[in-house]
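J.: With chain V held as given, fit chain D onto it using these hints.
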Amino acid sequence: METIIREETTKTPFVKFDGEKGLVEIRGRSIPENAIEFYKPLIDWLDKYAEQPPSKTSVNVKLEYFNTSSSKCILDIFRKFELLHKKGNEVEINWYYEEDDEDMFEAGEDYQSIVHIPFKMIEMEE
Amino acid sequence: MRFDLVKWYNEKLQGNVILKYAGSISSDVIDQLLSEFETKVSDSSDLSKYRKKVYNVLVECLQNLYHHVDEPPVDVSVDEKDKYGAVVLCRDGSFFRISTGNFVKREKLSYIKDRIDQVNALSDQELKDAYRKILGNSEMTEKGGGGLGMLDIVRKTGNKLEYNFFQVDDDYIFFALDVYIS
Chain V
0 METIIREETT
10 KTPFVKFDGE
20 KGLVEIRGRS
30 IPENAIEFYK
40 PLIDWLDKYA
50 EQPPSKTSVN
60 VKLEYFNTSS
70 SKCILDIFRK
80 FELLHKKGNE
90 VEINWYYEED
100 DEDMFEAGED
110 YQSIVHIPFK
120 MIEMEE
Chain D
0 MRFDLVKWYN
10 EKLQGNVILK
20 YAGSISSDVI
30 DQLLSEFETK
40 VSDSSDLSKY
50 RKKVYNVLVE
60 CLQNLYHHVD
70 EPPVDVSVDE
80 KDKYGAVVLC
90 RDGSFFRIST
100 GNFVKREKLS
110 YIKDRIDQVN
120 ALSDQELKDA
130 YRKILGNSEM
140 TEKGGGGLGM
150 LDIVRKTGNK
160 LEYNFFQVDD
170 DYIFFALDVY
180 IS
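Protein chains in written order, with numbering that gives the first Met the number 0: chain V, 0 to 125; chain D, 0 to 181.
Okay, chain V solo, but in the shape it has when bound (with noise of 0.2 Å):
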């Protein structure tokens, strides 16, 4: 399956969805005012990756700063990762935040009582 990779811009974060390797990465910032335009080819692709997915899928989620229009894609995404759990997928979730970032530490905590899959919670030290 074809490797997505969107370099960073301003507004929108790097993002690398490696189908071989089951490894989804997240990084940077999210705040286009159209959230909807960037996320969905990359829930499109998550569709066909559910059909022959790697036995593992690890999603790692390194937000700087995210609005509130990224933030329903960003749980589109989690649900998609929750489907191919409940299928019996082996998946985790890592969300990482700054040790000070209450506010992404919060989002993390938003997203876990949301979705119902394996959670990590990791503080970065600044």
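Calculated directly from the structure, the hints in this document are not laboratory data.
These figures come from a predicted structure and were not determined experimentally.
Treat the hints with care, since some could be wrong.
To be verified - Taking lysine to aspartate or glutamate and the DMTMM-like style, the derived pairs with C-alpha atoms no more than 25 Å apart in a straight line are:
id: 1; chain 1: D; residue 1: K51; chain 2: V; residue 2: E124
id: 2; chain 1: V; residue 1: K39; chain 2: V; residue 2: E1
id: 3; chain 1: D; residue 1: K48; chain 2: V; residue 2: D99
id: 4; chain 1: D; residue 1: K39; chain 2: V; residue 2: E98
Said to hold, decoys possible - According to the in silico footprint, chain D covers these stretches of chain V (three or more CB under 8 Å from chain D):
id: 5; segment: 67-74
id: 6; segment: 104-118
All C-beta atoms, glycine included, are put in the ideal place defined by N, C-alpha and C.
T.: Same frame as chain V, but now just chain D:
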């Protein structure tokens, strides 16, 4: 007396102004303002402690304008009419204040007012619950936010939203919002 835009704007400039802008709120303008903010932050240790919180709230305020402003009425003289909005970020005593102002059609007044009053009435726990409920259940709106913007601002700042509506003419009002970050 008729609403005086210049007077309103000048009043908002009281305090130690970090950013100010009045004109068309385009995607590029949002980029410029955010990058200007980051330059200012790196020059000021006072601001850097609040960097992330102010940045986040500033993004929501600017994008609220981007998505929701109406064009000013024809007889209001401003330089750029398309997506006209005004924003000021300043240090105001022990707070950072983000003030925004924009013209909206009069029929939106009660919707905006009810929405803010509802959000202002919530306790911290209720804000968290409401945010999670909307995030988990609602569909995205065309404009993307799904109604989370105001909730997010109040949740992150821990302060109530302050607002004013000024009558402009029979069809328009000017919506002024003050967000305090402490």
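J.: Let me make sure I understand: some of the numbered hints might not hold for this structure. Which ones are they, in numerical order?
T.: none
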